[in-house]
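Protein chains: 4
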Amino acid sequence: MSLNTFGHLFRVTTWGESHGPALGATVDGCPPGIAVSEDDLQVWLDRRKPGQNRYTTQRREPDAVQILSGVFEGRSTGTPIQLTIQNADQRSKDYGDIADKFRPGHADITYWQKYGHRDYRGGGRSSARETAARVAAGGVARAALAALVPGLTITGYMVQMGPHRIDRARFDWDEIGRNPFWTPDAQAAEDWAATLDALRKDGNSVGAMIEVTARGVPAGLGAPVYGKLDTDLAAAMMSINAVKGVEIGEGMAAAALTGTDNADEIAMGPDGPVYASNHAGGILGGISTGQDVVVRFAVKPTSSILTPRRTITRTGGETEIVTKGRHDPCVGIRAVPVAEAMAACVILDHLLLDRGQTGGQRGRIG
Amino acid sequence: MSLNTFGHLFRVTTWGESHGPALGATVDGCPPGIAVSEDDLQVWLDRRKPGQNRYTTQRREPDAVQILSGVFEGRSTGTPIQLTIQNADQRSKDYGDIADKFRPGHADITYWQKYGHRDYRGGGRSSARETAARVAAGGVARAALAALVPGLTITGYMVQMGPHRIDRARFDWDEIGRNPFWTPDAQAAEDWAATLDALRKDGNSVGAMIEVTARGVPAGLGAPVYGKLDTDLAAAMMSINAVKGVEIGEGMAAAALTGTDNADEIAMGPDGPVYASNHAGGILGGISTGQDVVVRFAVKPTSSILTPRRTITRTGGETEIVTKGRHDPCVGIRAVPVAEAMAACVILDHLLLDRGQTGGQRGRIG
Amino acid sequence: MSLNTFGHLFRVTTWGESHGPALGATVDGCPPGIAVSEDDLQVWLDRRKPGQNRYTTQRREPDAVQILSGVFEGRSTGTPIQLTIQNADQRSKDYGDIADKFRPGHADITYWQKYGHRDYRGGGRSSARETAARVAAGGVARAALAALVPGLTITGYMVQMGPHRIDRARFDWDEIGRNPFWTPDAQAAEDWAATLDALRKDGNSVGAMIEVTARGVPAGLGAPVYGKLDTDLAAAMMSINAVKGVEIGEGMAAAALTGTDNADEIAMGPDGPVYASNHAGGILGGISTGQDVVVRFAVKPTSSILTPRRTITRTGGETEIVTKGRHDPCVGIRAVPVAEAMAACVILDHLLLDRGQTGGQRGRIG
Amino acid sequence: MSLNTFGHLFRVTTWGESHGPALGATVDGCPPGIAVSEDDLQVWLDRRKPGQNRYTTQRREPDAVQILSGVFEGRSTGTPIQLTIQNADQRSKDYGDIADKFRPGHADITYWQKYGHRDYRGGGRSSARETAARVAAGGVARAALAALVPGLTITGYMVQMGPHRIDRARFDWDEIGRNPFWTPDAQAAEDWAATLDALRKDGNSVGAMIEVTARGVPAGLGAPVYGKLDTDLAAAMMSINAVKGVEIGEGMAAAALTGTDNADEIAMGPDGPVYASNHAGGILGGISTGQDVVVRFAVKPTSSILTPRRTITRTGGETEIVTKGRHDPCVGIRAVPVAEAMAACVILDHLLLDRGQTGGQRGRIG
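Protein chains in written order, with my numbering: chain L, 5 to 370; chain B, 5 to 370; chain Y, 5 to 370; chain X, 5 to 370.
Bound conformation, chain L alone:
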């Protein structure tokens, strides 16, 4: 990953800040001939859009994406696809106090230290708004994947909010789209609503854990060492703002297992290898096994809160700050479509890398 680009062959460069006129993504390396339209992309953006329910920021952004290049007569040409989203509701007056005071947990202070000059009206590139560009780019990746690997699906969902985890016994794929938390556990959705209402009333916020499952990923994507599929997935998720940890399959819990427990035993099925379990999260030695690819990550609680916190000013004075404005009490909610988009980009990128190196041929078993 370069400063603002991710991907090897399917390369996405995002640009734009929270309080500038627009933001967007330049998508390079898309296969030609892929059917994709603004409407196709808008579907995904609408899922991430703020202000859809009382649990996300009330900033009103239509987040309408325009395709400015790289698509002709409804299909990609193989040249760069420019995706632009206007910033409609900047309302920077809300942010007056933050020009001088560094908000704890925000990048205000590190931006200042590094660059010595920053757009003090908001979070700049570290604002959640940047992720709209990712979602748009992810929509292109999804369109390409739909053409290249029919049946591949990528689904994100929330598995924990604050200390409250879902009950995996109640896991229902169909439930995910029905509640504002993108959670597969209907009961959890109900409980979390109450929790979040209380936190919001207190001017507080809370963290969350998101899981993304990619089903139908063909075996053989990735590479053994640095170009591992899991390395790139980890980097992709960690690159989302507020993410503090990333797991593949068993994740951090793998530390607690024995080798006997952790081994995913293999049998032979009609269409190839079949695994008795998926502790590996669908990746062995950096390369996909054909099982579900499972990645999980933690989002820290929104740092913008109404509870006063001690901080300093640019001139070194000590003070307190209360971050007013319109903030998500749980930014994790809107991280769900963002994570799906990142996963789509990574998987497509590795699909292209793989067919570049191997031509997509596979060693035969059986």
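Some hints could be false.
Stated by the list, open to error - Here are a few chain Y residues that sit away from chain L, every Cβ distance over 10 Å (derived from the structure):
(1) Ile85
(2) Asp101
(3) Asp206
(4) Glu269
(5) Ala280
Said to hold, decoys possible - Simulated restraints, written as ranges between beta carbons of each label pair:
(6) Y:Glu77 <-> B:Arg169: 35 to 41 Å
(7) X:Ala92 <-> B:Arg169: 55 to 61 Å
(8) Y:Ala68 <-> X:Asp104: 28 to 34 Å
(9) Y:Glu77 <-> X:Asp104: 51 to 57 Å
(10) Y:Ala103 <-> L:His168: 55 to 61 Å
(11) X:Thr319 <-> B:Glu42: 53 to 59 Å
(12) X:Ala92 <-> B:Pro312: 50 to 56 Å
I should point out that these hints are in silico values taken from the structure, not numbers from a laboratory. Note that the structure is predicted; figures quoted are calculated from it, not measured. Note that beta-carbon positions come from the ideal geometry of N, C-alpha and C, so glycine has one too.
Dock chains B, Y and X against chain L, hints included.
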């Protein structure tokens, strides 16, 4: 990260397999004039070397590193530094059974599926041997950091083995080098020895959790979005074989926190900002704060175990496998110096990137 | 260079086609704090703008550049700078015939063969319009260079049109801006005007040779092997559409010299080494010497001509084509500001690379 | 191109200096299953090897290449291929004088200025010895091309020595291997021998022009803007030491043509498009047409000559230097196999890039 290269400006390309004649690293982009010798690097390699105690593989490898280029009269010239390590003790006869049977939890099956041709005598690039090259390269990075940022230290240590965590109240930096587990908790070291002896007797293995703390990292390294310091650290750790999860600072536990708890409040000290806590792990918005940079990762249990596991052969037959040979019952132990090396490479790389873009100047506070 | 990105640390990604709604450049890695405005960039764009005299295409494009991100209160923030230019005068009806017939000398046929789908209304990414984005990006590079290396100048000029070369004895830097050909030879400008008028009347076109001289480039930029300053300059110039050859210093003529003639002898001046000649074009072993950096390139004649040429259709039929429309009889003219822009990007990029690796320190002579 | 790496997917990193113990190349991204052996590579190295006739340096180097990784049982595994060549005949005593005096035309002075520390015993990375590693890597690329595109050939040959050009009417492909100059013109070979003998006697040297023709390159390789096939070929050739100019097809002479002359008219043949001429050198809009790809470059005369030249010392004193030692009177001769190797790497790289993005499918004509 490319297939076998990591880093932007300080770029390390490793090569070599477990059962070939040699392995190594090509280190490109090292600053010139850095004092570094084979002896300097050997210090770090000796920490990772197998066979040092009964808890690591009995494969006997001197792991003697040779510098073949890029260093002249004891100092780097700014050209590529080739680091080569001979594979002395390949003893591939030990591995006879694995030519045909895919070992569960290993990359044997995914290598085969992807490449259709593989060195079946061992783990290839996914062997822990590949990490020797990283440690050598990390030694170069440490030498450069010592010259550029005197006082910066990078220390790895084990914080959990199987389900047993250290007691942070007993944390002692000086203890780390005294026990075979690189753990700062002397009591844990004693307990783990017993646990590991029992597991080894059972032909089993166990996972572990490692933490790396970098002290003295200057504020301002990293970038807001994809070129984040934490993105690259996460990728670096996830690229180590057997790693399944990576955390920065509070990590996955951040999901359970509220915004009030998570905020690292800021005060003004004599030399700049002082933080009341370090939930962030020393990184805000992808950029270092000047606090300790803390990264943690989980290593899965060694997949090579003596307990029979069900698997398939290359021709699709179902069978069982017992992986004989000389294996680490807890590969996490030897991951400690590897993780330090990776952290050193990432931090140096970001130091060079930062002075490339900003000239190393800093926005002033106070 | 990636598909649509050039540069290592100062990275420019251009997007957009000749007949889409807009085109632009995403500039990543700009140092922070650089004073730059839309007006600053417009100065350079206006030099490249079509329709300024009778020797360039009559397509009417204001080529007004907008800065959509990365600049705040008149100075760069260190984040991506998005530069967008609307395509005002697309008038695609002019191009009707070319949807089915492949124009000789154009990329129509190779686009089709590679991508199987293309915007047949114009030259797509291979149109000279793409270079407007480069000029805008080059303007940012110039602004950064002005801040980092005061006194550095980059000047492009035409040294040959068709078979007619300038007379170096008449070389006058001040003349360059006074004639429509950006040539330093006033007499040549007069002669070429007549030549070009005749060619235009005939529906023909002609090639040209451009030279770019960068004065004040500090010694020490570049690297010995692949990251050579001359490698990147050659790639940068060759990446401009219609360029068929690139030379550094003596260039192709170096083949004809003896070692005695070619040696640039060195003496010691008050401020360091002084060279008796500059056959090397300011670069030795890939690294700048501090002399003028001199790069030269040839632009082929515009392929869009009114003289009928034999060609084939998409369905394989043989036919003839006359390319109507508004074309430059000598595209080389407008290549001058483009080449300057590319040179500025490469030099800035190497300046950042150098200070990344070496900190900008220099070995001392004397 | 990074500092010491070239290629996008097929990535070659070379390392080593003229007077260190060894040099080599790390080849990453090779397709798996490619038949390649040390003997296969040695064939190409032997063509470049010094001391084969009286026109190349008398340094005695066996240049025996060893494959240390990435090849198993005679076929590539898809992992990095390490190619190492020992430096047998370093004889650095020859070079005593050059530790303090900067040789005109050499990189001594720029190395010193940039790095402040250098291996003063020889040319370091800028020595022609570095190119041995390229030839070895090119051998791998050729092996892969042989498997992927049977019938593709890459042939380099000398077309000019000093002011003496070959007569194209006498061009004979079979003659190329028969004379020490790799020239297709038997008469030129005879004339050049006399010229070179005279120059050598005078302690002088001479430049040369080399052409490489790749036949059988499929249409569709490359990309329109920065990832152009010609951009990468130009960069590859310019990265060879002593190269001062690069041309594609008509090259610098394109400046002198009119559009009518330059158009390569197209007809329809039984297997697709057939071109009446090849001014384009087989590349249109950065993408291969299926015609011969023709690249040409100039090599400056060897800078190490016995004629005294004025120069300065590291302490700034003015002096004269005579470069004794064993040098090629015309380095262009040995550049021929190097250029072939670079061309092979670039073409393979673009083949992999193309099948990554497009899957190798082609738009149909007819």
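Hint by hint, here is what the structure shows:
1. Ile85: violated (8 Å)
2. Asp101: holds (18 Å)
3. Asp206: Correct as stated: the minimum Cβ-Cβ distance to chain L is 34 Å, above 10 Å.
4. Glu269: holds (42 Å)
5. Ala280: Given a closest Cβ separation of 42 Å, the condition holds.
6. Y:Glu77 <-> B:Arg169: 35 to 41 Å: violated (50 Å)
7. X:Ala92 <-> B:Arg169: 55 to 61 Å: 56 Å Cβ-Cβ, so the 55 to 61 Å window holds.
8. Y:Ala68 <-> X:Asp104: 28 to 34 Å: violated (57 Å)
9. Y:Glu77 <-> X:Asp104: 51 to 57 Å: The hinted range 51 to 57 Å holds for Y:Glu77 and X:Asp104, with Cβ atoms some 52 Å apart.
10. Y:Ala103 <-> L:His168: 55 to 61 Å: Given about 60 Å between the Cβ atoms, the range holds.
11. X:Thr319 <-> B:Glu42: 53 to 59 Å: violated (32 Å)
12. X:Ala92 <-> B:Pro312: 50 to 56 Å: Since the Cβ atoms of X:Ala92 and B:Pro312 sit about 52 Å apart, the hinted range of 50 to 56 Å holds.
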